[in-house]
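Sequence lines, in order, name chains A and B. Read the first sequence against the working numbering and you will find it ends at 754, with the numbers running on by one and no gaps. Read the second sequence against the working numbering and you will find it ends at 313, with the numbers running on by one and no gaps.
I should point out that these hints are in silico values taken from the structure, not numbers from a laboratory. Check before you lean on any hint, since a few could be wrong.
[As the list claims (entries may be wrong)] Once the Cα atoms are required to be at most 25 Å apart in a straight line, the calculated DSS-like pairs of lysine-lysine come out as:
{"#": "1", "chain 1": "B", "residue 1": "K248", "chain 2": "A", "residue 2": "K316"}
{"#": "2", "chain 1": "A", "residue 1": "K316", "chain 2": "B", "residue 2": "K203"}
{"#": "3", "chain 1": "A", "residue 1": "K326", "chain 2": "B", "residue 2": "K203"}
[Said to hold, decoys possible] Derived list of chain A stretches under chain B, where covered just means 3 residues or more per stretch with a C-beta under 8 Å from a C-beta of chain B:
{"#": "4", "region": "119-126"}
{"#": "5", "region": "146-155"}
{"#": "6", "region": "201-214"}
{"#": "7", "region": "312-319"}
{"#": "8", "region": "628-641"}
A virtual CB, placed ideally from N, CA and C, is assigned to each residue, including glycine.
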Amino acid sequence: MPDLLIELFSEEIPARMQVRAAEDFKKLMTDGLVEAGLTYASAAAFSTPRRLTLTVEGVLAESPTTEEERKGPRADAPEKAIEGFLRGAGLTRDALEERETPKGPVLFAKIAKPGRPAAEIIAEVLEKTIRNFPWPKSMRWGEGSLRWVRPLHSILCILSDEAGAQVVPLTVDQISASDKTQGHRFMAPGAFAVTGFDDYAAKLKRAYVMLDPTERAETIWHDATNQAFANGFEVVDDKGLLAEVAGLVEWPVVLLGRIGDDFLDLPPEVLQTSMKEHQKFFSVRNPKTGRIERFVTVANRETADNGATILAGNEKVLSARLADAKFFWENDLRVAKAGMGDWLKALENVTFHNKLGTQAELIDRMATLAREIAPMVGADPDEAEEAARLAKADLSSEMVYEFPELQGLMGRYYLQAAGKSDAIAAAAEEHYAPLGPSDDVPTAPVSVAVALAEKIDKLTGFWAIDEKPTGSKDPFALRRAALGVIRLVLEDELTIALIPVFGAGIERNKVQSPLVKLIEEEEFTSTGIVTALQKLSRDQTSNRQAEIDELADQLKASESKTQQLLDELNQLNEKLVGDRYALIGFLHDRLKVYLRDQGIRHDIIDACISMPGNDDLALLVKRARALSDTLGTEDGENLIQGFKRANNILTQAQEADGVEYSYGADIKYAETEEERALFKALDAAEAQITPAMKQEDFTTAMTAMAGLRGPIDAFFEAVQVNTENKTVRRNRLNLLNRISEICLSVADLTKIDG
Amino acid sequence: MSDTATAPKSFQEIILRLQTYWAGKGCAILQPYDMEVGAGTFHPATTLRSLGTRPWAAAYVQPSRRPTDGRYGENPNRLQHYYQYQVLIKPSPPDLQELYLGSLEAIGIDMALHDIRFVEDDWESPTLGAWGLGWEVWCDGMEVSQFTYFQQVGGHDCHPVSGELTYGLERLAMYVLGVDHVMDMPFNDPQTPIALSYGDIFKQTEEEYARWNFDTADTDVLLRHFEEAEAHCREILDADHDDPKTGKRIIMAHPAYDQCIKASHIFNLLDARGVISVTERQAYIGRVRALAKQCADAFVQTRAGGWTPETAA
Numbered sequence: 001m002p003d004l005l006i007e008l009f010s011e012e013i014p015a016r017m018q019v020r021a022a023e024d025f026k027k028l029m030t031d032g033l034v035e036a037g038l039t040y041a042s043a044a045a046f047s048t049p050r051r052l053t054l055t056v057e058g059v060l061a062e063s064p065t066t067e068e069e070r071k072g073p074r075a076d077a078p079e080k081a082i083e084g085f086l087r088g089a090g091l092t093r094d095a096l097e098e099r100e101t102p103k104g105p106v107l108f109a110k111i112a113k114p115g116r117p118a119a120e121i122i123a124e125v126l127e128k129t130i131r132n133f134p135w136p137k138s139m140r141w142g143e144g145s146l147r148w149v150r151p152l153h154s155i156l157c158i159l160s161d162e163a164g165a166q167v168v169p170l171t172v173d174q175i176s177a178s179d180k181t182q183g184h185r186f187m188a189p190g191a192f193a194v195t196g197f198d199d200y201a202a203k204l205k206r207a208y209v210m211l212d213p214t215e216r217a218e219t220i221w222h223d224a225t226n227q228a229f230a231n232g233f234e235v236v237d238d239k240g241l242l243a244e245v246a247g248l249v250e251w252p253v254v255l256l257g258r259i260g261d262d263f264l265d266l267p268p269e270v271l272q273t274s275m276k277e278h279q280k281f282f283s284v285r286n287p288k289t290g291r292i293e294r295f296v297t298v299a300n301r302e303t304a305d306n307g308a309t310i311l312a313g314n315e316k317v318l319s320a321r322l323a324d325a326k327f328f329w330e331n332d333l334r335v336a337k338a339g340m341g342d343w344l345k346a347l348e349n350v351t352f353h354n355k356l357g358t359q360a361e362l363i364d365r366m367a368t369l370a371r372e373i374a375p376m377v378g379a380d381p382d383e384a385e386e387a388a389r390l391a392k393a394d395l396s397s398e399m400v401y402e403f404p405e406l407q408g409l410m411g412r413y414y415l416q417a418a419g420k421s422d423a424i425a426a427a428a429e430e431h432y433a434p435l436g437p438s439d440d441v442p443t444a445p446v447s448v449a450v451a452l453a454e455k456i457d458k459l460t461g462f463w464a465i466d467e468k469p470t471g472s473k474d475p476f477a478l479r480r481a482a483l484g485v486i487r488l489v490l491e492d493e494l495t496i497a498l499i500p501v502f503g504a505g506i507e508r509n510k511v512q513s514p515l516v517k518l519i520e521e522e523e524f525t526s527t528g529i530v531t532a533l534q535k536l537s538r539d540q541t542s543n544r545q546a547e548i549d550e551l552a553d554q555l556k557a558s559e560s561k562t563q564q565l566l567d568e569l570n571q572l573n574e575k576l577v578g579d580r581y582a583l584i585g586f587l588h589d590r591l592k593v594y595l596r597d598q599g600i601r602h603d604i605i606d607a608c609i610s611m612p613g614n615d616d617l618a619l620l621v622k623r624a625r626a627l628s629d630t631l632g633t634e635d636g637e638n639l640i641q642g643f644k645r646a647n648n649i650l651t652q653a654q655e656a657d658g659v660e661y662s663y664g665a666d667i668k669y670a671e672t673e674e675e676r677a678l679f680k681a682l683d684a685a686e687a688q689i690t691p692a693m694k695q696e697d698f699t700t701a702m703t704a705m706a707g708l709r710g711p712i713d714a715f716f717e718a719v720q721v722n723t724e725n726k727t728v729r730r731n732r733l734n735l736l737n738r739i740s741e742i743c744l745s746v747a748d749l750t751k752i753d754g
Numbered sequence: 001m002s003d004t005a006t007a008p009k010s011f012q013e014i015i016l017r018l019q020t021y022w023a024g025k026g027c028a029i030l031q032p033y034d035m036e037v038g039a040g041t042f043h044p045a046t047t048l049r050s051l052g053t054r055p056w057a058a059a060y061v062q063p064s065r066r067p068t069d070g071r072y073g074e075n076p077n078r079l080q081h082y083y084q085y086q087v088l089i090k091p092s093p094p095d096l097q098e099l100y101l102g103s104l105e106a107i108g109i110d111m112a113l114h115d116i117r118f119v120e121d122d123w124e125s126p127t128l129g130a131w132g133l134g135w136e137v138w139c140d141g142m143e144v145s146q147f148t149y150f151q152q153v154g155g156h157d158c159h160p161v162s163g164e165l166t167y168g169l170e171r172l173a174m175y176v177l178g179v180d181h182v183m184d185m186p187f188n189d190p191q192t193p194i195a196l197s198y199g200d201i202f203k204q205t206e207e208e209y210a211r212w213n214f215d216t217a218d219t220d221v222l223l224r225h226f227e228e229a230e231a232h233c234r235e236i237l238d239a240d241h242d243d244p245k246t247g248k249r250i251i252m253a254h255p256a257y258d259q260c261i262k263a264s265h266i267f268n269l270l271d272a273r274g275v276i277s278v279t280e281r282q283a284y285i286g287r288v289r290a291l292a293k294q295c296a297d298a299f300v301q302t303r304a305g306g307w308t309p310e311t312a313a
């Protein structure tokens, strides 16, 4: 069976797209071949900056012949119908077969679909693949209409077996397939022919092209770490950069370079970011000093001077880059030491969101919030407020303008330089955290206060203007902010009632302002009309009735407009009051996701959300954990059954009787030992549960509750609740109510599944 | 840099070699456009000529002004006035990359010693309503050119596609000549009796313009000029296609486009003066883009833009 080799040779493919493109190429081609009946043994795809390559081994030489059966008209159908059928199927009368069916004799045709040669199928599938390739961005070039990621220059497409290789005839937009490719652009220019994949890979390597991106990455990493080690250094790991650099070269040559002494005192993050973002350099650390002192660059060729010119050039470019960074750093330090006033002022002109004001306004709100939250997280209110006021100042710095990813971190450096407390400096860096689910949560109180303020302001603001996440759309990352609040509260074990904080936060966004302004304007208009009317009516000299009527109409319109605006304002105010609860609901939803990952069932959380104080997330989770633990025990699991049984009987009886059995169970009407035992057990449990709940000692309370399982089971075993004796029955129903009330004081067990 | 015997000696020699090279490759060597622009792309030889179906091949130096980049001539790499070398060929030839590499060799970059790379960099000009795909070209880690296949200009799809090359001349020349500070770069042959450095010519003007751009330019006047240019651009385009005096069809796409360029440059000046807020910025860019689109619409109605009475009929 023949092997297939395809190479699509183009101008340089963006590094970030190569790996995905190779996968897509393989999938589209092999799916297409299989769909057309061409099965194969194995396939692999590769990419370099200039080519996508696919090798498919053991392809069928032709697709198998298939036979299709088609049902025709009845054998006794009019001749015309039969002729029509024959024409459609492309057959003659003698090819038809008559078969008995429940509907009588029917004619059947067997249509053979002959197999097609592999080359024909491959050409079709390849053309379709090229024309429909899912590039993230594609382009046209020259006069053509074909789209590719960059101009496509040649197509190599051959089928090879023992007899040799044959080009698969194919032409796409004037590019005809051949058996030729090219080597390295500079080290081995010129085309050469290949006979199969092994020959192709070997010839490419001789022509200075390493086909496999994994091999290129390994070579780079191996050579980089070796060279660094030989000089007493270590390369800073960066998988993303490694993959990218492997996509920028066909023939990787690793060069170890120096960073000018002038720059070694820049913050290491600045060195790293500048080298990585601008130059795609790896950072190389001196383990003795802990500083970044060297870099690794990867060239795409060997040279007669062993890369000396290339390295010198790269060192020079880096110096220019770092000179910029140093210039920013020194300028920024000057502004920082002067108190950052210029930076904060500049934020007055930066819009945060057109309905939520500028960055400066955002900072004001954050500062107020941070001060409010400070006592709840053990931070000094003055310090928390100051930290919040300064935490975003670095957004105006030149360094952050150049490297946005350094926001926060630069803030920390600059605040330290400004002589602010360590706590305030740390808050600048940490207040964005946690960003991802695995990101560390800040623990320093001031950082926590500012981090919470940042997220809560965001949530309340976007809630107030109805920019909530929907489906997969969450443009302002509000889910992330909510999860941030949750993790801060839980992991730092904070006690905060969020509803009042949300309420204050929502008000602080002043989303009513535009409406209030409109109302004031309309009222001003009304007043003006009234004055004009008064003046007119005093004028007795002439008949101005028409004007008066007109003005009266205008006044009416203006007043009704005012009323309409006032109604809108009322509605908005009501909505805003409701928002704090809606927002807590949003947090509860995120909390469920968060706790589910920790093995706590959603119904258990629901049972706890129904309890008072559900805006204190730490309390809520403490309750949920205790409940989850309790329900995990045999007693707990069975108690739920007992509770449900008690509750069902009680509810049914209350519905049937139209009364509430809610008070007055008395042991003196107890008839059986089990009944009396339950009374005692309930008294004992209540004596434990009530104080425990007051102290939020849910474990004790729930253990006591679970301890009721025995007496409750025994009670149901021995006692018939609905007896003839009405007094006894009422007493027993009231007793069931006590079970229910005691259990419900711990958590809303009606929400538990099962 | 110690390349070969053919290493150029001065900034102007590099420009001259590029001119000779591209002339040899069949480009019309044009002169700079006589208005203030932010980049070589603004020259109508690129913006307007990349539109329509008629073939085009041109190369030219374009003085470019970026008021916000002024550093009083002190920064080794940043200038508020600098030169770009621009090549535009329509349709883009299949060997454009090779042609480009040839131009690097022409200015003394030895391909056997240097590491040339094409690194993804898509180009977009929000003010021109234009975008394209291509690369920044690196020589030993240094960006020496932008290489773009225009896909859209002034809101029009480009058919055929133009290939555009832009060389940042100062940066490229500093690299080739091995100079660390732009002001130290020899402008003419350093062996000549009156040798002039880049600084001899431009240090004074960089200082003057930096002060004017940042602190002195009259913003009220500039704001008014912006409005006037915008209004006049529209007036020009609204004029009847048929000239009443000559009776000829004369669509004034180029004069209108001049007003668009003017508005764009005034916007840059206002930006440098710091009187444009972040939100306003977008609005201003949008206004210039609207003009650029209308000029593009007008240009494709002209003969140079590919219009013929036959196709119009």
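Right, here's what the structure says about each hint:
{"no.": "1", "hint": "B/K248 <-> A/K316", "verdict": "violated (58 Å)"}
{"no.": "2", "hint": "A/K316 <-> B/K203", "verdict": "holds (23 Å)"}
{"no.": "3", "hint": "A/K326 <-> B/K203", "verdict": "holds (23 Å)"}
{"no.": "4", "hint": "119-126", "verdict": "violated (count 0)"}
{"no.": "5", "hint": "146-155", "verdict": "holds (count 4)"}
{"no.": "6", "hint": "201-214", "verdict": "violated (count 0)"}
{"no.": "7", "hint": "312-319", "verdict": "holds (count 6)"}
{"no.": "8", "hint": "628-641", "verdict": "violated (count 0)"}
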